[in-house]
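To convert a position in the sequence shown, counted from 1, into the numbering used here, add 1050.
One should not assume that every hint holds.
To be verified - Taking lysine-lysine pairs in the BS3-like style, the calculated list, with each CA pair at most 27 Å apart, reads:
#  : residue 1 : residue 2
1  : Lys1292   : Lys2009
2  : Lys1378   : Lys1096
3  : Lys1911   : Lys1297
4  : Lys1806   : Lys1638
5  : Lys1292   : Lys1132
6  : Lys1638   : Lys1566
7  : Lys1142   : Lys1078
8  : Lys1400   : Lys1602
9  : Lys1911   : Lys1142
10 : Lys1289   : Lys1411
11 : Lys1510   : Lys1638
12 : Lys1142   : Lys1100
13 : Lys1096   : Lys1132
14 : Lys2009   : Lys1176
15 : Lys1176   : Lys2002
16 : Lys1411   : Lys1504
17 : Lys1164   : Lys1602
18 : Lys2009   : Lys1289
19 : Lys1290   : Lys1142
20 : Lys1164   : Lys1078
21 : Lys1078   : Lys1292
22 : Lys1806   : Lys1176
23 : Lys1078   : Lys2009
24 : Lys2002   : Lys1078
25 : Lys2009   : Lys1301
26 : Lys1792   : Lys1820
27 : Lys1164   : Lys1566
28 : Lys1290   : Lys1164
29 : Lys1142   : Lys1289
30 : Lys1292   : Lys1176
31 : Lys1504   : Lys1289
32 : Lys1132   : Lys1142
33 : Lys1290   : Lys1301
34 : Lys1164   : Lys1292
35 : Lys1638   : Lys1678
36 : Lys1411   : Lys1525
37 : Lys1290   : Lys1602
38 : Lys1510   : Lys1289
39 : Lys1504   : Lys1378
40 : Lys1164   : Lys1504
If you're looking for bench data, these hints aren't it; they were derived computationally from the structure. Please read all numbers here as calculations on a predicted model, not as lab measurements.
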Amino acid sequence: MRKVLVLLLAVLSLAGNVFAQGRTVTGKVTDARDGSPIPGVTIQIKGTNKGTTSSVDGTYKIAADANAVLVFSFVGYAAQEKPASSEVLNVKLGTDDKQLSEVVVTGYTVVDRKKLVSSISEVGSKQLENVPMPDVNQLLQGRAPGVVSASGSGQPGAKQSISIRGIGSLSASSDPIYVIDGIIINNGQVNQITQTQSTDVMANINPNDIESINVLKDASALAMYGARGGNGVIVITTKKGKAGSSKVGFKAQYGYNMPSFGNWDQMNAQQAFDYKRNVYRLNGYTEDEINQAVPDSLLKYATDWRDLAFQNGKTQNYEINSSGGNDKTQYYISGGYFSQDGAMINSGMKRYSVVSNVQNKVSDRLDVGLNLNLSYADLNNAGAGNRYSSPLLGSFANSPLLPAYKPDGSLYTGLEDLWQNTSNTGDNFLYSSALNTNRVENVRVLGKMYLNYKITDWLKFGQNVSIDYISAQQKTFQDPTTGDGFNPADPNQSGDVYQYQRNVRTITSQTSLSGKFNVGQKHLFDYLAMMEYAPTHDNSFSAEGVGFASPKTPVLDAAAVPLGVGGGQSDSRFLSYLGQLNYTYNGKYYLTGSLRRDGSSRFAPGNKWASFYSLGASWRVIDEAFMKNQHIFSDAKLRVSHGTSGIAGGISDYGWMAIYRYNIAYNGSPASNPYQPGNASLTWEKSISTNVGLDMGFLNNRLTASVDLYYRKSISLLQNKPLPPTSGYRDRLENIGSMYNKGIEATISSRNIENKSFQWSTDVTFAANKNKILSMFENQDIINPTSSDGTAYTGTIHRVGLPAYTWYLRQWAGVDPANGDPLWYKADGTTTNNINEANYRTFGSTMPKFTLGFNNTFNYKNFTLSAFIYAAQGNEVMNGTARYGDADGARLNWNYNVAAGENYWTTPGQNATRPKPIPGGNKNSTALSTRYLEDGSYIRLRNVVLGYNLPKTWLNAAKIQNVRLYVQAQNLLTITGYSGVDPEIDNTGYEFFKYPVNKTVSFGVDITL
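When you get a sec, could you build the whole thing from the sequences and use the hints?
Right, here's the structure in full:
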């Protein structure tokens, strides 16, 4: 009987176990944002290797004991653990935003934020999207401390001047390098700027396709880029797809542009009429002579040239995108169209862009991907301010007493006697700007294919191959019937066509080994070893012809006389080996070291190679035992780094060679002439940087702050050293100079109010930099320096002991009360009315002493309001426009500034601010001096956005995830004491007939399906 009972109990126990294991849990996994099903989610019984995955509709079923715990996980979503106590278990997964925000992209690597040693400023996609500015560089202004972004032109697509922590060179460009998805790309001006405003190929990139921008500033980050990282690195990461339900987005934006002229007010017809008559009267002209020179009949013309030259234009932006995928494949594709009218008539920009980013996890060991970014920019380029046919010049130069239209209603061309006798330009831009062409077309192809193979848990092989291809075309046509196109010496050669084509191609190959491993429980190592090879091919072609029978055939083939053909070709190569080793101890002490060996074809044998290094450390102070009981800090980390980097941009592809040019002929035969003396000793410009930073958090990180102190010394700076006349050359390029930049940067973020219905946050960035030249060739001054790209810094000086681009001018002493003469100071402190007797002195710098960004964001239920203010302080700007528009009677037929008619000298003993106006000018009073040097400080309301998200209850029935409506404004208000058009000037510091910036008000909608 006992045996039977035991057998029965065993059978019952087995049956119970079988019943328990046969219990099935079913359910559905959906996206917490929109309720859409998530296929491919891993559902695993915790502590076992048993599991399943969700089907296409998100459903699943799994056999599990009632006491089991199910773990739901999927790429891009936060994992969840749920008890299997119920036989029906539905789960909503939310995106793992915390995980995404806890890493920082540095180009070559992705770094855990807790381990970050480097000084890096981050700008996210929310700060970039839908801002109606074509160039991503414009969007960095004030968002990243230490980055100074400014432009000498407000034309859409114009080149921005970018410097990070001051300038790193006296002769080469101070532009940083740009890295998109891990690949160094070309940037800046690729077109010729003769007769046109500058353009920047970075304007081809659609900011709405950017996920984040990280600005690398200290040695720990820059040494990874070696010879090219000395001016800083801007790392751009484009958007990628995330696993989960697919999304489709549509963006539409439409707005209006209005030119902004700052404090520059020009005379109207009555003011100009009265001013000219008063000037003649003051200088002894009889009333008959005055009536003959300035008759009352001129008032009938009353032409507002500024109103005719500029326009209220439109801004349009349309985009469609789709993203999504599963745990194997993710994708992001987009297509965009952007159009913006320039402030000036017949100018503007259109951009077409396509992006496709696809990544696939082939297996647990292998993943591959393809990134493709195609863009085409079409710029109708305004003529530069020195072109007679340019509306920019005409708006300042043409007198309001000069007619635009003939009595029959047709336009004056500017070639008529009336214009030739009274106009300074001899060209009516209303007529010529519609006929003359200044067109630029830029095509850009960015492509990258990559493969990563996990060999072991601690070793991964990577191979990237990318291409950056730019095709730039430029065409300038001067109509034969316009002032610029007409040739009075030989009318048969009137009309001019100039065409320029340039192709730049860089192919980059990166081969890497990387991985991480532990030694014990407290020691973690990760590493990267890479070889990078990047050959660049650059070729250009140009041709020009004159003499056109008809303006309807503006092509080279129709030119009667070919003026010339030009072209060039160059090749350069970079070969680099780099390595980085990072060490973490106990999760709170971090050490990093990197070494890069760069070789370049730009240097002579023996100098082709250079090494750059960095060492860095960080300490998570907050994790120490002695910080556990304090209640002030919620986060604290100390960072320090030191290392070297270089600048390769100051040397041309063949700058070290002694070169003859073969672009001349002698008696009809090919010939050459000496062009460049060469210098086999040329090497890299180098930077040695030290950075100390502190990251802090307070009130459970509702208030965070980062402060960095830095010192950067630039050595082996390139400078043209004078050569003896017997050499046959004036000078040659050598590594001679040195200088430093030092400063402080701070970023403060606070969540001021946080509750269910209302949130208010504030972000502040601050940066102050001091620059000083330490040495140059025999410590000799360089007056009116010119950079390697031909940019002239008129009126400035490089002098040891002073900042670069310090103003070097004669000092204005005011007006002689006795006779109204202009006065300048002499060396002994006395004054003179002869400017040649005045001595030169130094006065401030073109570079700001500090910059500030201030952003506030308010959220109330479904409404969002943000306002961003930018300020630049302490730089001096030369108002070159005032030298022509406030000129004391010189260029009396020009249009004058309203201020020119105020407080000018008229009687002996008068304390006037302006000299006596005399037709033709008063003793060179408009010469370059401190008279026109002004404080360029300003505060600008850069961006204001008011948005509203439609309630989800309205959208659910239509299966729409989100609809956001918004209105935003750009450059609404500028506060400045500067009297010119715009105080925002690049490092030249010289404002001369600046193309004004736009004020923009736009309306938009973002729809996500």
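Do the hints match the structure? See the list:
Taking the CA atoms of Lys1292 and Lys2009, the gap is near 20 Å; set against the 27 Å cutoff, the hint holds. Restraint check for Lys1378 and Lys1096: the C-alpha separation of about 23 Å stays at or below 27 Å, so the hint holds. With a C-alpha separation of about 24 Å, the suggested pairing of Lys1911 with Lys1297 holds against the 27 Å cut-off. With a CA separation close to 35 Å, the supplied pair Lys1806 and Lys1638 exceeds the 27 Å bound.
The suggested pairing of Lys1292 with Lys1132 holds, with an alpha-carbon distance near 24 Å, which does not exceed 27 Å. Taking the CA atoms of Lys1638 and Lys1566, the gap is about 17 Å. The hint holds against a cut of 27 Å. A threshold of 27 Å between alpha carbons decides the hint, and for Lys1142 with Lys1078 the separation of about 8 Å falls inside it, so the pair holds. For the suggested pair Lys1400 and Lys1602, the alpha carbons sit about 24 Å apart, so the restraint of at most 27 Å is met.
Note on Lys1911 and Lys1142: the hinted pairing holds, with a Cα-Cα distance of about 23 Å set against a maximum of 27 Å. For the hint linking Lys1289 to Lys1411, the alpha-carbon distance of about 18 Å falls within 27 Å, and the restraint holds. The hinted pair formed by Lys1510 and Lys1638 meets the criterion: a straight-line CA distance of about 26 Å does not exceed 27 Å. The straight-line distance between the Cα atoms of Lys1142 and Lys1100 is roughly 21 Å, inside the 27 Å bound, and the hint therefore holds.
For the proposed pair Lys1096 and Lys1132, the alpha carbon gap of about 10 Å is at most 27 Å, so the pair holds. Between Lys2009 and Lys1176 the alpha-carbon distance is near 24 Å, which keeps this suggested pair within the 27 Å criterion. At roughly 21 Å between alpha-carbon atoms, Lys1176 and Lys2002 fall within 27 Å of each other, so this suggested pair holds. The hinted pair formed by Lys1411 and Lys1504 meets the criterion: a straight-line CA distance of about 11 Å does not exceed 27 Å.
Annotation: proposed proximity of Lys1164 to Lys1602 is violated, straight-line Cα distance about 65 Å (limit 27 Å). At roughly 24 Å between alpha-carbon atoms, Lys2009 and Lys1289 fall within 27 Å of each other, so this suggested pair holds. Proposed proximity of Lys1290 and Lys1142 is supported: the alpha carbons are some 23 Å apart, at most 27 Å. Of the supplied pair hints, the one linking Lys1164 and Lys1078 is violated, its CA atoms being roughly 36 Å apart against a limit of 27 Å.
Of the supplied pair hints, the one linking Lys1078 and Lys1292 holds, its CA atoms being roughly 20 Å apart against a limit of 27 Å. At roughly 21 Å between alpha-carbon atoms, Lys1806 and Lys1176 fall within 27 Å of each other, so this suggested pair holds. Pair hint Lys1078 plus Lys2009 holds up; C-alpha atoms about 19 Å apart against a cutoff of 27 Å. In summary, the hint linking Lys2002 to Lys1078 is supported, as the alpha carbons are separated by about 22 Å, within the 27 Å threshold.
A distance of roughly 18 Å separates the Cα atoms of Lys2009 and Lys1301; the hinted pair therefore holds under the 27 Å criterion. This hinted pair checks out: Lys1792 and Lys1820 have alpha carbons roughly 5 Å apart, not beyond 27 Å. For the hint pairing Lys1164 with Lys1566, the CA-to-CA distance comes to about 16 Å; that is within 27 Å, so the pair holds. This hinted pair checks out: Lys1290 and Lys1164 have alpha carbons roughly 24 Å apart, not beyond 27 Å.
For the hint pairing Lys1142 with Lys1289, the CA-to-CA distance comes to about 25 Å; that is within 27 Å, so the pair holds. Simply put, Lys1292 and Lys1176 have alpha-carbon atoms about 17 Å apart, close enough for the 27 Å limit, and the pair holds. A C-alpha spacing of about 24 Å is found between Lys1504 and Lys1289, which places the hinted pair at or below 27 Å, so the restraint holds. Taking the CA atoms of Lys1132 and Lys1142, the gap is near 11 Å; set against the 27 Å cutoff, the hint holds.
For the proposed pair Lys1290 and Lys1301, the alpha carbon gap of about 18 Å is at most 27 Å, so the pair holds. Restraint check: the Cα-Cα separation between Lys1164 and Lys1292 comes to about 24 Å, which is no more than 27 Å; the hinted pair holds. Distance restraint check for Lys1638 and Lys1678: the Cα-Cα separation of roughly 14 Å lies within the 27 Å cut-off, and the hinted pair is therefore satisfied. Only pairs whose Cα atoms come within 27 Å are accepted, and Lys1411 paired with Lys1525 is rejected, the gap being roughly 47 Å.
Taken as a hint, the Lys1290 and Lys1602 pair is broken in the structure, with Cα atoms around 48 Å apart against an allowance of 27 Å. Between Lys1510 and Lys1289, the direct Cα distance comes to roughly 24 Å. Compliance with the 27 Å bound is thereby established for this hinted pair. Restraint check for Lys1504 and Lys1378: satisfied, since their Cα atoms lie roughly 16 Å apart, inside the 27 Å limit. A distance of roughly 25 Å separates the Cα atoms of Lys1164 and Lys1504; the hinted pair therefore holds under the 27 Å criterion.
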